[in-house]
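Undergrad: So you can see what is in the structure, the chains are spelled out below.
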Amino acid sequence: MTTLTHEDVEEIVRILDTSPYAELTLKTDTFELSLRRGEGGWTQERKTLARAQVVGAAASAKGEAETRPGAAEPEEDGVVAVRAPMVGTFYRAPKPGAPPFVEVGATVGEHDVVGIIETMKLMNSIPAGAAGVVTQICVADGELVPAGATLMRLRQAAP
Amino acid sequence: MTIRRVLIANRGEIAARIIRTCRDLGIEAVLAASDADLDSAPARLADRVVRIGGPRSLDSYLNVDAVVSAASEAKADAIHPGYGFLSENAALARAARARGLIFIGPTEANLEAVGDKLRAREHALAAGLPLAPGGSIATSEDAAALADRIGWPVLVKAVGGGGGKGLKRVDDPAKLAATVELATAEAGAAFGDARVYLECFVASGRHVEVQVLGDGDDVIHLGDRDCSVQRRYQKLVEEAPAPDLPDRLRADMRAAAVRFARHLRYVGAGTVEFLYDREREAFYFLEMNARIQVEHPVTEAVTGVDLVAEQIAIAEGRKLRLAQADVRIAGHAIECRLNAEDWLRDFAPSPGAVAFARFPAEPGVRVDTHIEPGASVPPFYDSLLAKIIVHGETRADALDRCRRAMALCAVTGVATNRDMHLALLADPVFAEGGVDTAFFARFLGARAGGAA
Numbered sequence: 001m002t003t004l005t006h007e008d009v010e011e012i013v014r015i016l017d018t019s020p021y022a023e024l025t026l027k028t029d030t031f032e033l034s035l036r037r038g039e040g041g042w043t044q045e046r047k048t049l050a051r052a053q054v055v056g057a058a059a060s061a062k063g064e065a066e067t068r069p070g071a072a073e074p075e076e077d078g079v080v081a082v083r084a085p086m087v088g089t090f091y092r093a094p095k096p097g098a099p100p101f102v103e104v105g106a107t108v109g110e111h112d113v114v115g116i117i118e119t120m121k122l123m124n125s126i127p128a129g130a131a132g133v134v135t136q137i138c139v140a141d142g143e144l145v146p147a148g149a150t151l152m153r154l155r156q157a158a159p
Numbered sequence: 001m002t003i004r005r006v007l008i009a010n011r012g013e014i015a016a017r018i019i020r021t022c023r024d025l026g027i028e029a030v031l032a033a034s035d036a037d038l039d040s041a042p043a044r045l046a047d048r049v050v051r052i053g054g055p056r057s058l059d060s061y062l063n064v065d066a067v068v069s070a071a072s073e074a075k076a077d078a079i080h081p082g083y084g085f086l087s088e089n090a091a092l093a094r095a096a097r098a099r100g101l102i103f104i105g106p107t108e109a110n111l112e113a114v115g116d117k118l119r120a121r122e123h124a125l126a127a128g129l130p131l132a133p134g135g136s137i138a139t140s141e142d143a144a145a146l147a148d149r150i151g152w153p154v155l156v157k158a159v160g161g162g163g164g165k166g167l168k169r170v171d172d173p174a175k176l177a178a179t180v181e182l183a184t185a186e187a188g189a190a191f192g193d194a195r196v197y198l199e200c201f202v203a204s205g206r207h208v209e210v211q212v213l214g215d216g217d218d219v220i221h222l223g224d225r226d227c228s229v230q231r232r233y234q235k236l237v238e239e240a241p242a243p244d245l246p247d248r249l250r251a252d253m254r255a256a257a258v259r260f261a262r263h264l265r266y267v268g269a270g271t272v273e274f275l276y277d278r279e280r281e282a283f284y285f286l287e288m289n290a291r292i293q294v295e296h297p298v299t300e301a302v303t304g305v306d307l308v309a310e311q312i313a314i315a316e317g318r319k320l321r322l323a324q325a326d327v328r329i330a331g332h333a334i335e336c337r338l339n340a341e342d343w344l345r346d347f348a349p350s351p352g353a354v355a356f357a358r359f360p361a362e363p364g365v366r367v368d369t370h371i372e373p374g375a376s377v378p379p380f381y382d383s384l385l386a387k388i389i390v391h392g393e394t395r396a397d398a399l400d401r402c403r404r405a406m407a408l409c410a411v412t413g414v415a416t417n418r419d420m421h422l423a424l425l426a427d428p429v430f431a432e433g434g435v436d437t438a439f440f441a442r443f444l445g446a447r448a449g450g451a452a
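Taken in sequence, the protein lines are chains A and B.
Under my numbering, residues 1 to 159 are what the first sequence spells out, in order.
Under my numbering, residues 1 to 452 are what the second sequence spells out, in order.
Source of the hints: derived by calculation from the structure; they are not laboratory data.
Note that this is a predicted model, so its numbers are computed, not measured.
A couple of the hints might just be wrong.
[Said to hold, decoys possible] Some chain A residues close to chain B (C-beta under 10 Å, calculated; not the full set):
1. H6
2. E7
3. R14
4. T28
5. T30
6. G38
7. W42
8. M86
9. V87
10. I116
11. T119
12. R153
13. Q156
14. A158
Each residue gets a CB set at the ideal place from its N, CA and C atoms; glycine is no exception.
The shape of chain B in the complex, shown without the other chains (with noise of 0.2 Å):
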């Protein structure tokens, strides 16, 4: 079926680059607005705007019905959720499917598999991938002989956790038992599902991940990603390809995303994660992000597709347009995410007006924003603000070419975390490359040392 009208359901800069695809596609866009984006760059943009409710995600962005009617009363024929949300969310997929609309993204079999942890991890292990050493837990008794097993330092990980939350790390064996106990009540409190598992402790670990495409029957990778650069498990700067891995390693890691999509019939666009023991020089399986995620571009820019237009091509049924063979990665590329953050006061988020915005617009450097002079940044999102994404012949050159864009943005009437690109880029380990997820810690650590 060939799709003529697209409900966006999301915002911000994702929302403005899913009516740019839109628009190449000759796809009109309908733009579903909470009341605090109904004149955002993307409600203007879009060819109608559909209000779902209140500016609280609760009451717009999170709501199935809301969503889905909107989509209905748009006559839209699909719904793209973005990323965030409700992107990965089977009920709204099983609602959409009710009312005879493409939910673009994996299917509801695909979400259900990949969004619980632990049965991702079976899945992972049926399908031979590498996973950290760890597994489920029934008693304190068997958590305490599990890590034994794995060895010490443990996490503590609930099965409904991610990004972070719900997660906690026992150094000392006598305090496993009440971690156990604890994590448990708080998963159970935060996440409606009380179960957790162990995982051993990788000291030096690097976030990789892989680009895969999937038609159901037939995968495809378009290569992978380096987010380590974190704070708190948010991710600030994504570069393609990863640097400095062993090549039989990236070969190895490809390889094993696409076996995980294919054993899953995985069918749109997904993100295979991994955790890179840098000590070890072994890779294990994290987790699989069933949707577009906000760090796309920096591999749209050495493969030259567009995720998004690949996205819908699929949702309409399609086989997948390219081989593996056709997938070639050029060059290298860089992402910054400007956010509405206040970087020297511990990261304060910043909402308001924005008073002045001015990015670049150079060669080799393209930026995914919503923000213009005049646009508001509401508290009841996230704060980010732009990508500016940078591509260059070699990681050497986009280092340089991604120092110079980021001098050349400017966004006044909030605080931005521009400055903190800025020390970073100059940052003489991470312009070596291959930092690890601990890295970004002890350049602030470093940098507050040498304030003092």
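Chain A with its partners taken away, still in its complex shape (with noise of 0.2 Å):
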């Protein structure tokens, strides 16, 4: 099986340089790649096309997010929701095995943290938003979320 390595690409741009063209577009059962030569320099577009024999899998790895739409029924009156501000894993406790941030029942303040989201190893703490008590949590913990999902509800606290 032929591989392209950074030296090969690195050849044929010195050979391309020494030539009137401006595309090279080089096609094999392995891969694709387009050379182009633009106004800053030589670029590279490329494809892997080989396909390796996949073992013990469900072939299709369909992303969890696309399983759940992010809710977005109207709320009844001084009922928020508490949304995901971004896709990733949901927590409902600082670390694994300690008490959750809240339960249903649990009064909160604006600032209060309710769950974090990791995303791309960055953990990212997910504040209440507002003043009151938490009437739903609607994701489990350690469960995939889209951006915009809802997390928990709250009744809001009276003015």
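Since each chain comes alone in its own frame, lean on the hints to assemble the complex.
TA: So this is what it looks like as structure tokens:
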């Protein structure tokens, strides 16, 4: 099986440099490479074509995110939704085994942390966003949520 | 023993990079992939793919049993762990050995010696390396006495911490006892190891590290790298050699790294990290990374050595193929990490699907990436999209080439930090060379101030 190294690309570019051509497309069984001469220099776009044999797997790996639409039903009076600001894994507790930040019935302030969303190895604290009482927790610990998903609902404290 | 088939227990650009060397050496590459990576470029490059579990790291890339079972199932001779995940995990090394598999990395004893920061400090002391003033503390009285001796401010560090986690600075002696107590509690909760220690705070430090290779008897170095451009302890730009270091100090640092690795009878590729104190013109041992590092290509660029190939040769039980005199450092190399982060929105991570991807194809430019049009950038792993590595005769040449190369990069569909690199490469202070680890925060602050 042939693959392409950066040395190969350099060599092709060197050859092209002495040619009048501004573009080259190369396609083999295993990859497709386009080289283009632009104002700033040469660029490459490539696509790996070889398909390795997958063992022990359902070949498709659809993200769980797709199965969970962002909750967007209208909220009744005085009930607010705490939404996920980003896609990621939702955690109810500061660390595995620790008690959750909140349970249904908990009274929270606007800036109280009610959960964590982990995205790309970064832990993001999720504040309640409003003062009130937690009426519903909509997402299980460790579940992947899309941006905008309703994590929990609060009954707002009387102003 | 000759390695014929390697299981790569990693993902992303490093998986693609390891596959490339396997190809060069005629070794079959089997990729251990999570469900999120079954259709990635590395999965298509590999000779075979073994599914090891769900998308979350804990279910796949951090699962020792899943990785070792995959290696056995694939009839691999060896496991390459890449960086991150289980790369420095003695349990994986042990489990591999128990199944008759080669772990491409240091010995279990090496991993245990440097995985615990206090033990690593003790080894460094025994090997005669300079350490930042500080040490272990048992009580808050101990801490106060030690802090007075080493001078304020001080850092309270968790033995199990790293990468900026478990690190607290104390300026006010009255707050030391409370901080030590809090740090101890947090360290116990976060790392399962409540021990903390004190270290003096260096006002202007640079992160300089030395690449070493060892075969258990002999150790050589492959020069140094500077990784001082960091945001919250995440490296963004690295270069080799470290710019603007006094010659004597550079030589001492390289010798110290070799001495440390010799003392450990180190096996494989490793990096000894130092803090270079610009004011005192002194350097201190920080820690040793017992793996291939993200920034290894800058060393490969200036030495011409394929570090992954050397890792594999050492894992086969061979003696070092290079003598120190064979290592020649030519020119200057710079690496920029292209991350899926929106640098204008406080570096918010940006997972998603890549719509379009174009990279430079210029002489003296290497691109290590797994990103192609249509690639998915899952939310489960780090945000590294590509490493753009340039090599020039001088640092000025490399900088010029780097500016051109970064301007030619284009990735859409996810936010990237490309423009941050362009701004940084245009910064006169960075161009001068030898910035400290606080530089990047000042650079960002100045830009925010200028925009307001």
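Undergrad: Minimum Cβ distance from W42 (chain A) to chain B below 10 Å?
TA: It holds, given that the least Cβ distance between W42 (chain A) and chain B is near 4 Å, below 10 Å.
Undergrad: Less than 10 Å between beta-carbons is the criterion; does R153 (chain A) satisfy it with respect to chain B?
TA: With a minimum Cβ separation of about 24 Å from chain B (threshold 10 Å), the hint on R153 (chain A) is violated.
Undergrad: Do the numbers back the hint for R14 (chain A), that is, is its least Cβ distance to chain B under 10 Å?
TA: This hint holds: R14 (chain A) lies near chain B, its Cβ roughly 7 Å from the closest one there, short of 10 Å.
Undergrad: Quick one, is the T30 (chain A) hint okay against chain B at 10 Å, beta carbons?
TA: Interface hint status for T30 (chain A): holds (8 Å vs cutoff 10 Å).
Undergrad: Quick one, is the T28 (chain A) hint okay against chain B at 10 Å, beta carbons?
TA: 13 Å, violated
Undergrad: Under the criterion of a CB-CB separation shorter than 10 Å, is I116 (chain A) in contact with chain B as hinted?
TA: Constraint on I116 (chain A) not satisfied, violated at 13 Å.
Undergrad: Could you check if Q156 (chain A) really has its C-beta closer than 10 Å to a C-beta on chain B?
TA: 28 Å, violated
Undergrad: Would the hint on M86 (chain A) be counted as holding, given a Cβ-Cβ threshold of 10 Å to chain B?
TA: 7 Å, holds
Undergrad: Hold the hint about G38 (chain A) up to the distance rule: shortest CB distance to chain B must be less than 10 Å.
TA: Holds, because the Cβ-Cβ distance from G38 (chain A) to chain B comes to roughly 7 Å (cut-off 10 Å).
Undergrad: Should the interface hint for T119 (chain A) be scored as holding, given a Cβ-Cβ cut-off of 10 Å against chain B?
TA: 5 Å, holds
Undergrad: Let me know if the C-beta of A158 (chain A) comes in closer than 10 Å to any C-beta of chain B, holds or violated.
TA: 34 Å, violated
Undergrad: For the hint on E7 (chain A), does the least C-beta distance to chain B fall short of 10 Å?
TA: Interface hint status for E7 (chain A): holds (9 Å vs cutoff 10 Å).
Consistency note: the structure conflicts with the earlier hints numbered 4, 10, 12, 13 and 14.
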